[in-house]
Amino acid sequence: MSSGSPVAQSAGRKSSKWHPFLTLFLVVALLACYPFMVPVITQVSFLQGVNLNFGITTLILAGLALSWDILGGWTGQNSLGHAALVAVGAYSVTLLAEHGVAPWYGTLIGMGIAGLLAWGWGSMTFRLRGSYFTLSSIAVAEILRLFALNESWLTGGAEGKFMADLPKLFGTFDLFDRKVEFYVALSFVTLVLLFLHWLKTSRMGFYFRAVREDEDGAMALGVNPAKAKSTAFIWSAMFTALGGAIYALYLQALEPDNLMLVAFSIQIALLCIIGGRGTLYGGLVGAFLLGVPSEIFRAQLQEANLLVYGVLIVLVILFLPKGIMGALENGWYRKNHPLEKGGH
Amino acid sequence: MDVLTQGLQALIDGLLTGGVYAMIGAGLSLIFGVMRVINFGHGDFVVLGMYSAFFAASVLHMDPYLSIFLIAPLAYLFGYALHRLVLSRLLGASDQSTKLATLGLGLVVSNVLLLQFGTQPQTVDTSYSTSVWVLHVGTLEMRFSVIRVVSMLITAALIFGLNRMLFTSEVGRAIRATGQNRLGAELQGVDTRKIYAVIFGIGTVLAATAGVLLLPLLSATPTMGTIFTNKAFVITILGGLGSLPGAIIGGLILGVVESLGSSLFPLIPFLNNHFGSNYRDAYGLIIFLLVLLFKPEGLYGRTVKRV
Chain X
1 MSSGSPVAQS AGRKSSKWHP FLTLFLVVAL LACYPFMVPV ITQVSFLQGV NLNFGITTLI
61 LAGLALSWDI LGGWTGQNSL GHAALVAVGA YSVTLLAEHG VAPWYGTLIG MGIAGLLAWG
121 WGSMTFRLRG SYFTLSSIAV AEILRLFALN ESWLTGGAEG KFMADLPKLF GTFDLFDRKV
181 EFYVALSFVT LVLLFLHWLK TSRMGFYFRA VREDEDGAMA LGVNPAKAKS TAFIWSAMFT
241 ALGGAIYALY LQALEPDNLM LVAFSIQIAL LCIIGGRGTL YGGLVGAFLL GVPSEIFRAQ
301 LQEANLLVYG VLIVLVILFL PKGIMGALEN GWYRKNHPLE KGGH
Chain A
345 MDVLTQGLQA LIDGLLTGGV YAMIGAGLSL IFGVMRVINF GHGDFVVLGM YSAFFAASVL
405 HMDPYLSIFL IAPLAYLFGY ALHRLVLSRL LGASDQSTKL ATLGLGLVVS NVLLLQFGTQ
465 PQTVDTSYST SVWVLHVGTL EMRFSVIRVV SMLITAALIF GLNRMLFTSE VGRAIRATGQ
525 NRLGAELQGV DTRKIYAVIF GIGTVLAATA GVLLLPLLSA TPTMGTIFTN KAFVITILGG
585 LGSLPGAIIG GLILGVVESL GSSLFPLIPF LNNHFGSNYR DAYGLIIFLL VLLFKPEGLY
645 GRTVKRV
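First to last, the sequence lines map onto chains X and A. Position 191 of the first sequence, counted from 1, bears residue number 191 in our numbering, the numbering being contiguous throughout. Position 70 of the second sequence, counted from 1, bears residue number 414 in our numbering, the numbering being contiguous throughout.
Derived by calculation from the structure, the hints in this document are not laboratory data. Among the hints, a few may not be true.
[What the hints assert, rightly or not] Think about it this way: if two alpha-carbon atoms lie no more than 30 Å apart in a straight line, the pair counts; the simulated DSS-like pairs of lysine-lysine are:
hint : chain 1 : residue 1 : chain 2 : residue 2
1    : A       : K639      : X       : K322
2    : X       : K227      : A       : K639
3    : X       : K335      : X       : K322
4    : X       : K168      : X       : K179
5    : X       : K200      : X       : K335
6    : X       : K200      : X       : K227
[To be verified] Coverage of chain A stretches by chain X, computed from C-beta distances (three or more under 8 Å per stretch; other residues unrestricted):
hint : region
7    : 405-413
8    : 436-447
9    : 455-461
[Unchecked claim] If we take Cβ atoms under 10 Å as the criterion, some of the chain X residues that face chain A in the derived model are:
hint : residue
10   : Y132
11   : L135
12   : E142
13   : L166
14   : L169
15   : A263
16   : E303
17   : A304
18   : G310
19   : V311
20   : P321
21   : I324
22   : L328
Predicted, not measured: the structure shown is a model, and the values here were computed from it. All C-beta atoms in this analysis are idealised placements derived from N, C-alpha and C, irrespective of residue type, glycine included.
The following block holds chain A by itself, in its conformation from the complex (with noise of 0.2 Å):
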């Protein structure tokens, strides 16, 4: 394979990845935006959607793409139960209080997830795993993963019918009146603890989704959340924090930036022995302390110096 392919080809699988990454950004920054607070849980929560398709797979021989269904209910009952049982406590605490209790509660999520599961790693076989659909583009050959592309449709529904309920139904409403001024909302007859217990269910539902999702991509092991949560971050400063476009478009960005630098650095004479897909994560990491250093408020967001 020449350059041109190769690179045009990590694009491709760096888009539709990137996908998947909008979705687990889009929980966070939901969650930042209503609620103001940042959630240190939410890749163990992804991680917690693996492992309920890998439970779905494995004991109730449920295709990997059918569990949504009956686990993003669930996922929307276990966040709302977890912020009326112990974040909505919190409400007049300082946000370092909510941070550390999201904090522990995705070690509590992760740890009982290694007490049930242990370290080995868990994936499921469907028998479209492997498939691909080639397009041919002239003398180029483009490949589209079947999984890949169907999570990227599946992503884009929801993050499509989240914007609608944002937009158009009174409780979208009510979300973006508490988002932008609690007390005004509070003053209208919005409850707004019961819009934040909501909103953390919704944005529990985006990160399991996702992590559904990912299990046929990847293997799910206990202790994988804290790189989502990273990820996460990574996404919603690239798109600023609060923003649910900005979400989708640093995902996609994440995904490209990880897919290129991991396909094309070994490309590259000298460099290769350093730099290649071991490194996948650490480009991400790379462009986030980048624009946190010098476009804090993020690529798209408005300016918020201070969280």
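This is chain X alone, in the form it adopts within the complex (with noise of 0.2 Å):
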């Protein structure tokens, strides 16, 4: 494209104008209001699934795919092996409950073992390109999975562990009310979505993405692209294990066959890719697009609910390969700048 500088004019232009804080505060505001609005929308007969629980289940989904965009989407590294990385921060604050340790700690401590694991599982593999990279995201969290399974001294195998009661968050907040996992979540995504919005405009987040477009190009202007995937990975782990602990409060009952399965994985990358991967909002749009058909129909598909997102990533990869978000974003840039063909 030969016109790189007027795209950076109108970016800067346009983000004094829409400040992009306000369309975060805007998302976020509604989504808060999401549980007073559950009494109607279930009234709707074929809503009725759309309720407070599924408001929980989509918001942490929502939370782990944004995180998984960190790696996936800025520094273009497939990882199929984040449930594993939900696994840990949902067995440190289980575990640790059992020990009398508050949940919050718990969370803490997950979320620096889930950095350390990804730390040391980045530096091992990111030597590797490509699809090589994601065939061995596979395989540890597989090796994981073996392991939560068969080692019930520590994980309770395959029967799981419950969660033990656990002190109340501030004194107040009951940690097992519907309501205050739903705030607690909401929360969890905001954090990522501010993180997100803080790495559009910082330095690192302008390496990740040199990285994704061309290693060979970054690494000649001074790029360590080893450590920029490095530093992607440890921040998508610990966001990743933050959002396993807090599913874990939610669920109440960890087993490693439902939590650790590749599927699961593959489910959090694809509603990052479906949503649009290195755009903002993408995990969000992906998850609630996803989630509400996944509900209306969970009755027919019962256990088959990947079959929708089998037949919507192909259809999106076919049809709008940058994702909803990055056609919406394509489509928005070209009315805008109506001289300029082909789009950013």
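Reassemble the complex: the two chains are provided individually, in unrelated frames, and hints are given to aid placement.
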């Protein structure tokens, strides 16, 4: 494209007129109203499944997809092993709660473990490129799943673990109350969105995107691709573990055969890819767009709920290669820049 | 049984199972070798083969090994059609798109099977399921499971036939040309889109046939596809992506490692409570990671750092 500088200028002008955080504020405010809209929504017969529990799971999935985006969308490393990191967060909180550690400290410890794991995992596998990283992420996650399944002294094995009684958050909020869980999940999504907003304009974010677009070119300009990928993976893993800890509060029972399957990793990745990789709100849009039809057809699909994902990913890859948000952004950009062809 | 007998028996079982694994790996490797695309739905096609054989056995009352003659042509048509309808539209796009499309197709296959057959494991019983041939060597007694030997022979025949096709026929020449240099092949008048579809069809046939051969050995569940996809990756990485003889060697190695790992670890004191047949699927993955880390081009492959 011959017009690199006008793009940058218009982006600068745009941000002064319409502050990016205003969008974020509106999105979060709208979501915060959700618990009050639930009684109205569930009046509609086919939307009966779209209740508060649906809101919590969808928000947690959205947060996980957004966390996946830090690595998958911004540095272009498709991980299909994020379920293992969810499990690290979930098991940390649950196992530490058994020993009387408050869940917020448990969550921090879980995030630390996940960060360390990602550091080791990344420094082993980021020498590999492209599909090799994806393959190794599946392998590491599968090994961790087999470990959780067989080392029952630690994880309770296939029967799983139940959440112990928890102290109240700030002394007043019961963490087993669905409304509290909803707002905890919403805070999680907001936190990841804030991080992504920061990433968009930070030096680190530019490193990430440079590595995604052209690894050799980035290296020539002094970016260390292995370090950039590793940093992205550590952030992604810590946020994923945070989401896992909140998911554990919601589930209250952990089983490796639900939480750690490759199918769950694929689900997290596909939510983000269908919604739009590397866009700010892709994961959120994907989670709601896929969540609602899955909920409506729950009775018909039963365990085959990933059918919707499979069909949609094929359609999205064929017709909207940048995902739904990517296509919307492109369309919006073309409308405002009618003289340029091709979008950005 | 002493350690020696048990070890030898595990070696034999491993080699025989490895034969079927080799066929799964060969399909993935062939598709990669020509199309430069990793088929993430490969394991789900194996499961599709298992369920087709189950369907043929339970509804049409066909012997699972005879149903290969019915299932293989159908699998070819299925793979050919999938490529023509979906994957051929992505030829100009990045290989990530094709990868994700195969992942999506695999999800569709496994979830349709889930809708149709439910989650409970399915298997077929044949009169010869449990029969064994026993070989006496001195004081040692070796057992060869009949179905494993038959599977091994069918695998060998198929891979031999495929190899002959690749190296003696005109289509085989076109396939090899496309794999070596797509543009060059096109300049020589090869319809490379058609060759891609043919290769995807053949890869699907190999996956589905492996599924049919596995059905009398394992019970099928719709979601076990990821395990097979994993195994296929392990095999092809071991043997080098895109190499057919490599896939055979990789398959045999994987079969032996899994079998020896799950039968010998329990014999070692201290470790016997922790490692055993429970970790059967992990041994292959650990080897896979080690190879990826230290020799990413595979044990026998040429150097391909970038996929």
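Taking the hints in turn, this is what the structure says about them:
Taking the CA atoms of A:K639 and X:K322, the gap is near 34 Å; set against the 30 Å cutoff, the hint is violated. Taken as a hint, the X:K227 and A:K639 pair is honoured in the structure, with Cα atoms around 22 Å apart against an allowance of 30 Å. Between X:K335 and X:K322 the alpha-carbon distance is near 17 Å, which keeps this suggested pair within the 30 Å criterion. With a C-alpha separation of about 14 Å, the suggested pairing of X:K168 with X:K179 holds against the 30 Å cut-off.
Between X:K200 and X:K335, the direct Cα distance comes to roughly 23 Å. Compliance with the 30 Å bound is thereby established for this hinted pair. Proximity of X:K200 to X:K227 is assessed by CA-CA distance (about 18 Å); at most 30 Å being required, the pair is judged to hold. Evaluation of the coverage hint for the region 405-413 of chain A: breached, as 0 residues show C-beta separations to chain X shorter than 8 Å, against a requirement of three. Check on the region 436-447 of chain A: 8 of its residues sit with their Cβ under 8 Å from a Cβ of chain X, so the three-residue criterion for coverage holds.
Only residues whose beta carbon comes within less than 8 Å of a beta carbon in chain X count, and the region 455-461 of chain A has 4; three or more means the coverage holds. Interface restraint check for X:Y132: the shortest CB-CB distance to chain A comes to about 6 Å, inside 10 Å, so the restraint holds. For X:L135, the shortest C-beta to C-beta distance to chain A is roughly 5 Å, which falls under 10 Å, so the interface hint holds. A distance limit of 10 Å between C-beta atoms decides the matter here; for X:E142 the minimum to chain A is near 6 Å, and the interface restraint holds.
At its closest, the beta carbon of X:L166 sits 32 Å from a beta carbon of chain A; the interface hint therefore is violated under the 10 Å criterion. Against a cut-off of 10 Å between C-beta atoms, the interface hint on X:L169 is violated, since the closest Cβ of chain A lies about 37 Å away. Hint status for X:A263: holds, given a least beta-carbon distance of 7 Å to chain A, under 10 Å. Because the beta carbon of X:E303 sits about 6 Å from the nearest beta carbon in chain A, less than 10 Å, this interface hint is met.
The restraint placing X:A304 at the interface with chain A holds, with a minimum CB-CB distance near 4 Å, inside the 10 Å limit. A hinted interface residue such as X:G310 counts as satisfied when its beta carbon comes closer than 10 Å to some beta carbon of chain A; here the least separation is about 3 Å, so the hint holds. At about 6 Å, the closest approach between the beta carbon of X:V311 and any beta carbon in chain A falls short of 10 Å, and the interface hint on this residue holds. For X:P321, the suggested interface contact is upheld, since its CB lies about 6 Å from the closest CB of chain A, less than 10 Å.
Interface hint at X:I324: violated, since its Cβ lies 15 Å from the closest Cβ of chain A, which is beyond the 10 Å cut-off. With a cut of 10 Å, the hint placing X:L328 at the interface with chain A is violated, because the nearest CB-to-CB distance is about 19 Å.
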